[in-house]
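Participant: Place chain V on chain L using the hints.
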Amino acid sequence: MIRFAATSFRYDDAAPWVLSDLDLTIEDAEFMVVVGPTGSGKSTLLRLINGLIPHFSGGQLAGDVQVGGRSILDTPPTEFAGTVGYVGQDPAASFVTDRVEDEIAYAMENLGIDPMAMRRRVEDALDLLNLHELRDSALSTLSGGQQQRVAIAAVLAASPRILVLDEPTSALDPGAAEEVLHALTRLVHDMGLTVVIAEHRLERVLPFADRVILLGGDGSVDVGTPSEIMEFSPIAPPIVELGRLAKWTPLPITVRDARRRAHALVECLVERAPHAEPSRNHKSVASLDKVSVSYGSLRALDRVSVSFHSGSIAALMGRNGSGKSTLLGTLAGIVRASTGRVEVAGHDPVGISAAERIRLVGLVPQDAGVLLYAQSIAQECATADREHRLAEGTTATMVAKLIAVEDDGRHPRDLSEGQRLSLVLGVVVAPKPALLLLDEPTRGLDYAAKRALGAELRALRDDGVCVVVATHDVEFVAGIADRALVIAQGEMIADGPARDVVAQTPAFAPQVAKVLQPLPFLTVDEVREALWAES
Amino acid sequence: MAWWLWAAGMAVAALRTTNPILLIGLGTVVIAVGVICRSKAPWGRSVGVFVKIGLFVIVLRVLLQVVFGQRLPGHVLFTLPAIPMPAWAEGVSIGGPVTIEGILVALVGGLRLGVVLVCFGVANAIASPREVLRSLPAVLHEVAVAVTVGLCFVPEVMGSVARVREARLLRGRPTKGFAGFRGIAIPVLEDALDRSTQLAASMGARGFGRAGTTPTRSMRFLSRTATIIGALLMLLGGYGTLTASGAIPGAPLLLVCGVVALGVGVASNTRRSTRTRYRPTPFGLRSALCVVAGWVPAACMLASAHLDPASMSWSPYPLTWPSVPVLATVGVLLGVAPIAFIEPARRREGVEIAVRPTRAEAAA
Numbered sequence: 028m029i030r031f032a033a034t035s036f037r038y039d040d041a042a043p044w045v046l047s048d049l050d051l052t053i054e055d056a057e058f059m060v061v062v063g064p065t066g067s068g069k070s071t072l073l074r075l076i077n078g079l080i081p082h083f084s085g086g087q088l089a090g091d092v093q094v095g096g097r098s099i100l101d102t103p104p105t106e107f108a109g110t111v112g113y114v115g116q117d118p119a120a121s122f123v124t125d126r127v128e129d130e131i132a133y134a135m136e137n138l139g140i141d142p143m144a145m146r147r148r149v150e151d152a153l154d155l156l157n158l159h160e161l162r163d164s165a166l167s168t169l170s171g172g173q174q175q176r177v178a179i180a181a182v183l184a185a186s187p188r189i190l191v192l193d194e195p196t197s198a199l200d201p202g203a204a205e206e207v208l209h210a211l212t213r214l215v216h217d218m219g220l221t222v223v224i225a226e227h228r229l230e231r232v233l234p235f236a237d238r239v240i241l242l243g244g245d246g247s248v249d250v251g252t253p254s255e256i257m258e259f260s261p262i263a264p265p266i267v268e269l270g271r272l273a274k275w276t277p278l279p280i281t282v283r284d285a286r287r288r289a290h291a292l293v294e295c296l297v298e299r300a301p302h303a304e305p306s307r308n309h310k311s312v313a314s315l316d317k318v319s320v321s322y323g324s325l326r327a328l329d330r331v332s333v334s335f336h337s338g339s340i341a342a343l344m345g346r347n348g349s350g351k352s353t354l355l356g357t358l359a360g361i362v363r364a365s366t367g368r369v370e371v372a373g374h375d376p377v378g379i380s381a382a383e384r385i386r387l388v389g390l391v392p393q394d395a396g397v398l399l400y401a402q403s404i405a406q407e408c409a410t411a412d413r414e415h416r417l418a419e420g421t422t423a424t425m426v427a428k429l430i431a432v433e434d435d436g437r438h439p440r441d442l443s444e445g446q447r448l449s450l451v452l453g454v455v456v457a458p459k460p461a462l463l464l465l466d467e468p469t470r471g472l473d474y475a476a477k478r479a480l481g482a483e484l485r486a487l488r489d490d491g492v493c494v495v496v497a498t499h500d501v502e503f504v505a506g507i508a509d510r511a512l513v514i515a516q517g518e519m520i521a522d523g524p525a526r527d528v529v530a531q532t533p534a535f536a537p538q539v540a541k542v543l544q545p546l547p548f549l550t551v552d553e554v555r556e557a558l559w560a561e562s
Numbered sequence: 255m256a257w258w259l260w261a262a263g264m265a266v267a268a269l270r271t272t273n274p275i276l277l278i279g280l281g282t283v284v285i286a287v288g289v290i291c292r293s294k295a296p297w298g299r300s301v302g303v304f305v306k307i308g309l310f311v312i313v314l315r316v317l318l319q320v321v322f323g324q325r326l327p328g329h330v331l332f333t334l335p336a337i338p339m340p341a342w343a344e345g346v347s348i349g350g351p352v353t354i355e356g357i358l359v360a361l362v363g364g365l366r367l368g369v370v371l372v373c374f375g376v377a378n379a380i381a382s383p384r385e386v387l388r389s390l391p392a393v394l395h396e397v398a399v400a401v402t403v404g405l406c407f408v409p410e411v412m413g414s415v416a417r418v419r420e421a422r423l424l425r426g427r428p429t430k431g432f433a434g435f436r437g438i439a440i441p442v443l444e445d446a447l448d449r450s451t452q453l454a455a456s457m458g459a460r461g462f463g464r465a466g467t468t469p470t471r472s473m474r475f476l477s478r479t480a481t482i483i484g485a486l487l488m489l490l491g492g493y494g495t496l497t498a499s500g501a502i503p504g505a506p507l508l509l510v511c512g513v514v515a516l517g518v519g520v521a522s523n524t525r526r527s528t529r530t531r532y533r534p535t536p537f538g539l540r541s542a543l544c545v546v547a548g549w550v551p552a553a554c555m556l557a558s559a560h561l562d563p564a565s566m567s568w569s570p571y572p573l574t575w576p577s578v579p580v581l582a583t584v585g586v587l588l589g590v591a592p593i594a595f596i597e598p599a600r601r602r603e604g605v606e607i608a609v610r611p612t613r614a615e616a617a618a
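Taken in sequence, the protein lines are chains L and V.
Under the working numbering, residues 28 to 562 are what the first sequence spells out, in order.
Under the working numbering, residues 255 to 618 are what the second sequence spells out, in order.
Keep in mind that a hint or two might mislead.
Unchecked claim - From the structure, some residues in chain L lie toward chain V, with a derived Cβ separation under 7 Å: (1) L79; (2) P104; (3) M145; (4) L390.
To be verified - Which stretches of chain V does chain L cover? Using the computed rule of at least three CB atoms under 8 Å from a CB of chain L, they are: (5) 414–427; (6) 437–447; (7) 530–542.
Derived from the structure by calculation, the hints contain no laboratory data.
Because the structure is a prediction, the values reported are computed rather than measured.
Heads up, the beta-carbon is just placed ideally off N, CA and C, and yes, glycines get one too.
If we strip away everything but chain V, and leave its shape as in the complex, we get:
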């Protein structure tokens, strides 16, 4: 959980700046942390995958800019043959002069998106998304279960596709083209339906959705409403704060209200839940530090934007080397701090840690 919050902080920091040096710094820090802390489980490989996706996004962004992008004025690199568009599609242009400035803007835009993606990938590599779902508050339990089952479903469908494909190969049937697709899709769907009923039965037989101490109707209504409204307010407030364009007045206030409402909703619901958790990931000092480290860059960026707005947003007019704001750079570098206390992510992997009795067990 802490790692996901850490990654969210880093992503927010990336969204707050268009300074390429800061972005590259953020990207490097995130990847470094990811490579060092990632887990050995299959999802640990997602750092590499997401770095590749990030690079692809950058390349794609630049390509799109070259072919379709806005024609920014500046130093012309080369000119593509322009295709005149009809009046109703005036906003779109194809071809035309390609400028260094245009490419740079696209590069930075792509970089920003790429860094956000890498943040997500790194969080994914350190702690599986399922782990995060496990630590969601009880009010969201049903949602978490649905998402978990969905996550299991993808590899299962892949397995099912492989099985059916193999069966068709054995009977000498086409596995490609439309006929192949139809022949594979239908049995796979049948399989999926079969599986979902079996899964439902299994979950039922193992106590899912047991009646606990039933809360009063009004209480449940309150907790649900509070949760939903809180989440909405947080979304609005968060958006307002991030864009900083003043589109939504009083955004920070909204954010705070949202957090409070969400808290009320979650707390009122947690009390009624009779479920318990197996080895919940503890949220201790280490995790807190990890989260703080993740949000330091974002805070530094905000502060630095206040002090010196020009250094945070870089534009290619005129074409100059971007300046390096000291405060923000230090902030970005602090994001690497969790490496110093990486143990939490390792906890579930180490066998000798796993069998060590907890203090209470040892006492008993």
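Chain L extracted, bound-state conformation:
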């Protein structure tokens, strides 16, 4: 049992309270989901459970947190190793050893588990997370999803009573995310573990949750069952939005709940189904012609031929490690094609100078923050102008359009995830590249930030920019993409209007499409529009 008693925390004496006066009890064998906008203190709450805060972070803690009857105030995190398993946001950063098997055994070695028992538990953990084939692999060779599973197996093997996970599915494709969440549910149901999870993509975790903790971001905290919380939560997955729109009570949490109630809605919408927009004939901006890329013996791209058009948003989907990032890399000129021809606005992006390249193509990489390195927003914009040889203030104007910057002397590190992404986007699009590439831009963004990003991208598209987004986020794709492409093992296996591709592939179908099947609706907004048009 975890009990927060009048817990308040801030990172230093001058900073605002991240959590204030939190009273909360998490029962045994509960699957608890922590939701809230960015910066509302989700990670802080999770890290308090094994005392990483305040023991590793410093800061000011008032009140107490009791875990299994022990207070975190006088017990260092190491002593909780046998009780609480913690998996952070970036699993790769938590790896201590270099092989899968050793990594899983690491915590148990520290705990002094009997070697015989240790051996069995490692096998169990490998089975549970389906890591058998990878047991001898080097950790550095694994894909993001595999690393995430190893990190979970590594804490699980020490058989903790409580499992704490910070955004465990943010790096995973829909299939892998489902797999991890199923494994966690099994642990709660079969072994009575307590699981506490923080997640932005509610559509993924909500069906599994027993209770939800909603952090309002203004210090308010609500705890309740998913349907209770979703009645008023400002953060809600599409299915709940749909339920609110159709005035269903209680609100549906799973696709099954919604589907059972959807008959009336489907009938009323059947005449109003959105039509596939005629494909606008725009000129091709970038094209790949039978392009292959190999890393050693690994074929990342296999004779891919595709072209992207101006004034459109294309979504690139596929499993972890299927070649999405490589494809963006070849377009951006940072990955050299082994064979085949790459062309961006008539040039080979690898052959031209960096200064020319940034005017043709902009790439926002997965970890967008690496593109920033100045000490303040203003300085970042100024250097960008200078280096991109733009008129003074161009970048700053662009950035101001994307984010309301109240204080441009702030360090980019202090911005929220969404604001930082907007800043990077502003810097990248300021030289007006014809082709804009984004790699997994919605990772770590809450719904509000995602909506803002979607609007930004749509505005760019309407200006004639060709936008290509590689993402796992099907709801995001449903909201913005005109065209969807699916890659598997380096081969292009689907390419067409987003509506068709997404609806045909169960793994990539958004919730609304699953509920309203066979009607081709993808988002709640479309349903709302259709209903409006009717009334």
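Facilitator: This is chain V only, laid out in the frame that chain L set:
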């Protein structure tokens, strides 16, 4: 572990002789064993890398001899223009006559160093250094962890450099020259700092440095001191025995004392440790044989040096074909013996071996 001891034995043997035939023999044996027994993991490629480094060392040694080396008398091959050095640098000479003898001495010196390097590379290829660190005694656990983290750190920094470089490319910034270096180094350092705090938190959360049964202060002091003194004595003794110049009197005795002290230190500390080991590499008969095989050449060289000192150290005056001492040659060839029982190194790779239950598990 056994393989590293085996390689150490072979390296010691190489250091004990200047007979080029014996050295070439040693090198061949070590490389052969390495190629046959190396693991399939990434570090298995280090045989090739170290052979290349060894060859480079030989070439470098010869080049240095030609340009800067001592002017040994003998048959002059050709003469380089000599640059006269000022009085304060008399020890250094540049250019001058190059003799066959000089080159041969350099060649043999380089060969010796090359063989030692290859020994290291082969050990590395068969068993990753991390495996060795895993089997270190508990008293050295903290040190082993530090080294392990350090070893992980290198590839991580490389990854970080690649990421930052890519980011700079994307923004059209220089990646070369001083500006490029600064622009890359600073974010990489930031990244490294970030990572180390995250790693510390992760290790903490997973029970590193847990208080076990705390030993008494004096006990801990004893074990630490014994370990350190033992290690020092071993170093001194080992050096004395290897050089065999009599610089350190009673070197073998020192060596023995060192081993004993180290043993005491390790044993007294192992008892207090509450850590356990996951699948420790067993040190069985096979491993013991492997170690013995590694040290046979060294022993044979020592014995042979006693019986016939001239055959072990070869010098180019007069220029003759080196003699081949029978005992030492046989010893060198015995170094290849581990091939006969190579299974230990394969143990962790074979899947069907890995899933086979141990006897106790099967019984239970």
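Participant: For each hint, tell me whether it holds in the structure or not.
Facilitator: Checked hints:
With a least beta-carbon distance of about 5 Å to chain V, the hint placing L/L79 at the interface is held under the 7 Å criterion. Hint on L/P104 holds. Least Cβ distance to chain V is approximately 5 Å, under the 7 Å limit. With its C-beta approaching chain V no nearer than about 5 Å, L/M145 sits inside the 7 Å limit, and its interface hint holds. Nearest Cβ of chain V to the Cβ of L/L390: about 5 Å, under the 7 Å cut. The hint holds.
Check result for the segment 414–427 of chain V against chain L: holds, 9 residues qualifying (beta carbon to beta carbon below 8 Å, three or more required). Interface restraint, the segment 437–447 of chain V with chain L: holds (3 residues with C-beta to C-beta distance below 8 Å; minimum three). Taking a C-beta to C-beta cut-off of 8 Å, the segment 530–542 of chain V contributes 5 residues in contact with chain L, enough for the three needed, and the coverage statement holds.
Violated hints: none; the structure is consistent with every hint.
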